[in-house]
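Engineer: Chain by chain, the residues:
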Amino acid sequence: MNVTTKPGADGGDAASVSKRHLSDISVMVAGQGGDGSLTIASLLSQFFASHGFHLYSTSNIASRIKGGHAAAFLRASVEQTGCMGDHIDLLVAFDDEAVVNAAPSMAADGIVVFDGSKGPPPEGVLAESVQVFSVPFGRLAVRDLGRDLLKNCLGFGIVSRVLGIKDDDAEGSLRKRFQRLPAAVVETNVEAFRIGLQSAEEAGLELGNSPWTVDSGEREEHLMIGGNDALSFGFLAAGGRFYAGYPITPASEILAWLERRLPAFGGVAMQAEDELSAINLAIGAALTGTRSMAASSGPGFVLMQEGVSQLGSAEIPLVVIDCQRAGPSTGMPTKVEQSDIGTMINGGHGDYPKVVLAPTDQGDAFEIGAYATNLAQRIQGPVIIAMDRALSQDSTTVKPFDLEAVKIDDAKLLSREEVQKLDEYRRYLITDDGLSPWAVPGTPGGQNLVTGNERNEWGLVSAEPKNRKKMIDKRERKIESVRDDLPKGARWGDRKAKIGLLGFGSAGPILVRAGIRLADAGTDVQVLRPRTIWPVLDETLAFIEECDRVYVIEYNNAGQFAHVVSGAGADKGKMVSMLKYDGVPFRAVDIANFVLEREAEGQ
Amino acid sequence: MTKTYKPAEPIWCAGCGDFGVQGALERALIDLNIAKHDVMILAGIGCSGTLQNNVGTYGYHALHGRVLPTAQGVAFANPDLTVVAVGGDGDGFAIGAGHFVHTVKRNPNLVYIVMNNSVYGLTKGQDSPTMDSEGAAYGLDATRLALSIPGASFIARGYSRWSHQLHELTVAAFEHARAKRGFAFLEVLSPCVTYNDTYASWDSMLDNVDDDPNYDPTNMSMAFTRGVELDEVGRMPAGIIYRNDNAVGREVPPAMSKQNLDPAQHLDSYGKIMASYAV
Ligand SMILES: Cc1ncc(C[n+]2csc(CCOP(=O)(O)OP(=O)(O)O)c2C)c(N)n1
Ligand code: SF4
Ligand SMILES: [Mg+2]
Chain A
5 MNVTTKPGAD
15 GGDAASVSKR
25 HLSDISVMVA
35 GQGGDGSLTI
45 ASLLSQFFAS
55 HGFHLYSTSN
65 IASRIKGGHA
75 AAFLRASVEQ
85 TGCMGDHIDL
95 LVAFDDEAVV
105 NAAPSMAADG
115 IVVFDGSKGP
125 PPEGVLAESV
135 QVFSVPFGRL
145 AVRDLGRDLL
155 KNCLGFGIVS
165 RVLGIKDDDA
175 EGSLRKRFQR
185 LPAAVVETNV
195 EAFRIGLQSA
205 EEAGLELGNS
215 PWTVDSGERE
225 EHLMIGGNDA
235 LSFGFLAAGG
245 RFYAGYPITP
255 ASEILAWLER
265 RLPAFGGVAM
275 QAEDELSAIN
285 LAIGAALTGT
295 RSMAASSGPG
305 FVLMQEGVSQ
315 LGSAEIPLVV
325 IDCQRAGPST
335 GMPTKVEQSD
345 IGTMINGGHG
355 DYPKVVLAPT
365 DQGDAFEIGA
375 YATNLAQRIQ
385 GPVIIAMDRA
395 LSQDSTTVKP
405 FDLEAVKIDD
415 AKLLSREEVQ
425 KLDEYRRYLI
435 TDDGLSPWAV
445 PGTPGGQNLV
455 TGNERNEWGL
465 VSAEPKNRKK
475 MIDKRERKIE
485 SVRDDLPKGA
495 RWGDRKAKIG
505 LLGFGSAGPI
515 LVRAGIRLAD
525 AGTDVQVLRP
535 RTIWPVLDET
545 LAFIEECDRV
555 YVIEYNNAGQ
565 FAHVVSGAGA
575 DKGKMVSMLK
585 YDGVPFRAVD
595 IANFVLEREA
605 EGQ
Chain B
9 MTKTYKPAEP
19 IWCAGCGDFG
29 VQGALERALI
39 DLNIAKHDVM
49 ILAGIGCSGT
59 LQNNVGTYGY
69 HALHGRVLPT
79 AQGVAFANPD
89 LTVVAVGGDG
99 DGFAIGAGHF
109 VHTVKRNPNL
119 VYIVMNNSVY
129 GLTKGQDSPT
139 MDSEGAAYGL
149 DATRLALSIP
159 GASFIARGYS
169 RWSHQLHELT
179 VAAFEHARAK
189 RGFAFLEVLS
199 PCVTYNDTYA
209 SWDSMLDNVD
219 DDPNYDPTNM
229 SMAFTRGVEL
239 DEVGRMPAGI
249 IYRNDNAVGR
259 EVPPAMSKQN
269 LDPAQHLDSY
279 GKIMASYAV
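For the record, the sequence lines run as chains A and B.
Position one of the first sequence corresponds to residue 5 (the numbering used here), numbered consecutively onward.
Position one of the second sequence corresponds to residue 9 (the numbering used here), numbered consecutively onward.
For reference, chain B alone in the conformation it holds in the complex (with noise of 0.2 Å):
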């Protein structure tokens, strides 16, 4: 077996949600039995994008904002990879917020976990536009953005601390994926305890909904309307808010990266092409 680069150990500070997020991500890839070289983690700028160093598979640095159309390159060009995107709040929903937009709208078969922490934590601590700062600017929810896109297929909110559904959580997001039903979209609440400790607030705000008998995730508008219920008394929902699972995730031709290139394979459909333009 080929010697490749030995896993970096996590830069986090020692209680980072972002551990929670790593470890389920490595308990799906071995639950889904996925091998390391079929997997291509793409990270964004920040804290959180530190993570597709730890873990042994591809990995890719992206620009910050812009891991969602790498990921979706990557996809379209090899569907055959796991595709997984992993970026912070800041890097999904600021900067790089209109990909997340066209991202949901497009439906690509691949994975998007997105460690929200209200904050920027690589930058220290500035707000990010999850932030509810009583008044001064109100909190983004991305489940919510995300269930109003054309095309939405998987919505899912977890938290790092409950490790259990997380791990669920994940495992469900890869497998949307990879039956090729789109774009799997999992916010995972991930506290900076260095900047914005909301390890006490997270843990009596959320309301997990998977735990609800009476809760429907293929019906979209009780996704809203729960939603915007328990925004209203300063909750949010937990759990997989929204699925689809008739959903077709947007696959262009097949395998790019697998196509035959050689000219004199093609060399009578490109003479083709070139007498369209004889005089």
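Just chain A, with the same shape it has in the complex (with noise of 0.2 Å):
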């Protein structure tokens, strides 16, 4: 560890720091939750978006509100990558557990800038190659503005000097960010932001000797957005107008969002008293035809099974979403995992018929929510979507939504005009493509009976052999009849490459960057991202086929991914899995390096 603190103090100098010239850099900014450390994360972010970087952001919040410690991360790219990097080249930390919680992860060529104001950074926890910029940059604040909070701009003053951004450059970012305050506001974080200039010109770090420097990109207009804005974006612009949730983490945003959004276009969302009541009042307003979606997390998902049953039973339209989290019971509610693949498959009793779809990141969401709000409505069942949180919770950099390619699929819902020409109206009626047509209630003459109970055509109640299985047969269709419409995965790398990566959701990204690391290496790889979980689609079982070796990586401890893949006909002896369940996301080095000694052995 080298710790400048002014010019030629001992440990090193500023001109001894290596050099680099940035294209894509990770940061992290911790301290105490109420420090403010989303505040230069922000301010960065301000500054690399207006440079056309592509932006990752997420955030490790301790469940306290106030208080505990808190963490946010940014990865600003040239190039799209859709995920942190697997180093923390920039470290701003607000105090000693920053340093400690962040040392395992940070780059050797890294740089910390350390809040210095109760003391020197804590010794031995960094590797010497990382350099140490030590101010005290709280102390300053207080003693020069008489406010602890602004050391935040303080503290952006110095970062903008190690990242060799011209101090206009800065400014101006600066007072992008904080545009709506007033004048006075902006104007006293300019004065923190300019004595943090001055702080990091006293600790080497002067205009023109800054020990990085930064690229600029060439990304186009793009959205930052996060999976659980994206997914209610697109349940809204394709027609959803319902929504009942119960808070929980990481789904909360959902509810948030539609609160806001639906009721401009005549919809709502209602906080229900639990997750029975609100899947069910999500039920209710399916049953009039509006179009309708439940979401929860893995506790308040598995409460709901009994009403995602009965929508395949009775045969009625929803979108239910399941943001996972690390489990079981309640689990690690703040951290990544995809260990619910089997409650969504199966976690309604009986068979009934359920599609599964995962987005393959932020701005798919928006995709595959519009996309199962029409589908919900065409198979008039359950349509689940597989979301994680760092899916639903981390923001990146997608390109706009095309909503003029959102188009209202209404299948068979029925007009009054329709059911008038009817000569007679039977609710299940028995089809070819197992679809019957469906008339809502206030439709004259289409008055029907829907029940979870297994009934014949007209809705009454029968247990007669023969038409139970009919009617298990005709729900079964309904899925064979839009199997070859359900979204394609996302494919990466030459398809004759013969070692396949395979995971879903927020994994995803993750091994594009894995394949470019073992192209890299030498090694070619293709990558396929399923964006439907369930059925498994013959594209999945053909990519296990070609290849040799299919590395199967997902966030859980029994592999439940390979599990389902392999129940559908994948051949077990090509799969191996790499499983990931301590709630911290992959890194494509490990992926990578994962792959590389597995295929050393092979030969």
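Some hints could be false.
Said to hold, decoys possible - Heads up, simulated DMTMM-like pairs for lysine to aspartate or glutamate below, C-alpha to C-alpha not over 20 Å straight-line:
#1 B:K113 / A:E277
#2 A:K403 / A:E224
#3 A:K425 / B:D46
#4 B:K14 / A:E428
#5 B:K44 / A:E422
#6 B:K11 / A:E421
#7 B:K14 / A:E468
#8 B:K44 / A:E428
#9 B:K44 / A:D427
#10 B:K11 / A:D427
#11 A:K492 / A:E549
#12 B:K280 / A:E428
Source of the hints: derived by calculation from the structure; they are not laboratory data.
Computed from a predicted structure; not experimentally measured.
Take the two lone chains and join them into the complex the hints point to.
Structural biologist: Following this line, the structure appears as structure tokens:
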């Protein structure tokens, strides 16, 4: 560890720092909850966004709202990545704990900007090669400006010098970020920033002598959005007008987004008394023909399962979302995991048709949200969307959505006129594609009985064996009738590569990064990131068929997705599971090393 | 006219109180001249939960205990419908008790008729929450529970054997919900002749407040006091126990089911939302 407090201070000087020109940088800003670590991260976002970089941002906040250690992470890269980098290049640490937490992930040639208000950074924690600039920016903020919180803008000044950002440029970003605040407040923040520049200077970070410089990107206008927001937006755009939920991490953003947005479109999002109520409220709205949705995370998603089975049996369209978090039980609510795969596919009791979809990234969450909303109407049954903590809550830059491409597909919903033309109407009419025309309450002549009990075509309860078999088969045919249209996965790499990487949701972008690393190391792989988890599509089976070996990479301990795929007929002997269930996201470097080691063993 | 399903014959045992409830409901629909296609009857699970099959309206068989959330979803999404939730005392006050509390509180515009027989009829006679089993468990009085919940706007108790009053109470409940005054809760004592024949005891336990000129159903404290006083002498009130004619039922944005969903119509607004994420 090299600590620089002022030029020539023992331990080294700025000149000895490895010079880097950055086109891809991962930053961590960490401190106590109230320190405002998000502020520096968002100022940096502002800067990198206006310089054409792609962004990925995530945070790590203990469930406690105030206090507790908090960290904000930002990756800015010229190329779109959709995930954090393997290492932290730059750490802004407000206290010792931040340094201790970040140390294992620090890049060997990384830089730490440390708030030395309470003394020097902890000894022996960071690698020797990591350069540290210790400046008491908290103390300076209080001494010069009388407010501790201004240390954020002060810190930003120091950081901007580390990155070799021109002072005007950095100040511009700060002004833009705070443009909605009163002028006086903005000026105070700018003053803090300038004091930061001055103290940077004293620590050896003179302009023109910065350790690092940053590239500039050529990204066109994008959206910076989290998966939960994008998914909610897709639902809205495809005509979604009713939502019910009960607060739970990491699904709460969906309730908040729709509560805010639906009323302007004649819709409503309701906070129910529990998840049992939430899914049944949504079922009620769906019965009227209203496009509806319910969402939760593991514990609440399980409470909804009787309702999911009801959707399948009674033939009611509904989008149901599981924003997975680390289980089992209450588990680790703020950590990433993909361990509800079994529940999503088989959570409800009995045999019933269902589709489980998984967005490949935040942008795809919009597409999948819109698609699922139409699909539910089409199959008159449950469409489940597999989200995960990172996909739901982390934000990244995505291409603007193609709003004009969103269509409303009312499938077999009957209008008043259509019903009037019918001689007779049977709610559960047996058809070739399994789909029965659907009349909603209020339609004269369309009166019908909707029930989860087995029934005949008229909706009257029946346990007659022949009827029973016909009804189960009819419902099953609905999935076959849409199978060819279900979303195909995202592909990367040479289709002739003999090694495959298979994974979905927030693991996907990391697989692509691993693919790039492997290619650099001379090992060609191809990547498949399925968007349809259930039914297992032919493309997934063909992918495994065509490869010699497929690494199935997922966030759980049991290899749940691998089991689903092999259960659908894939050759188990070709599949190697790479599993992670410690709540920490995969790193491309670890995946690449895992593959290289296994491949070396195989030879 | 399109031919639809032929209403089912009731499956209840001869003498079951639920016949009286169905009769009162059908008469109310006729009296109030409500078209069957504008009515949705949602039922819980139990013997009582088969009523929706017998009337000829739109019907839905809810999950056990979940009839109230489902009925609210329907009522919120399409306020033009007359929404009726029906079910048993187990369905409403055991497995669905949480929803009962929150429904009273929300005061949605719908009718809720509970056929209280103090047992689980369909599962063959186990005690329900309203069973008073002398010391082992106290029977729940759901009308008093409802009274204690802010937002309560219509609380009544009928008796399936008193068909004249039951008809009047059913009509009053429909009128309350259809006038958008909110949630009309009607508990009907509806004996289960097979597992808990309570005709004789209920004949002698009920005190008809509708016949009492001194009883004011708009006075909530009187409603409470009367319920407690009667309980102390082993009796209970029947009739309209409480009503708030000035109540306003909860209506969330009008008719979600009737919104224009065409994305082309909303491109501007959707575009604005998207612009708020631009970087
Ligand atoms: C989740 C669930 N648990 C249990 C049952 C079994 N079950 C069916 S009806 C019933 C009780 C019915 O009692 P009540 O609601 O009083 O109706 P009644 O038959 O007396 O009219 C039970 C426990 C079920 N259908 N679903
Ligand atoms: S078992 Fe009891 S509640 Fe059920 S139908 Fe027979 S009498 Fe009625
Ligand atoms: Mg009962």
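Engineer: Against the structure, test the hints numbered earlier, and report the numbers of the ones violated in rising order.
Structural biologist: The structure breaks only hint 12.
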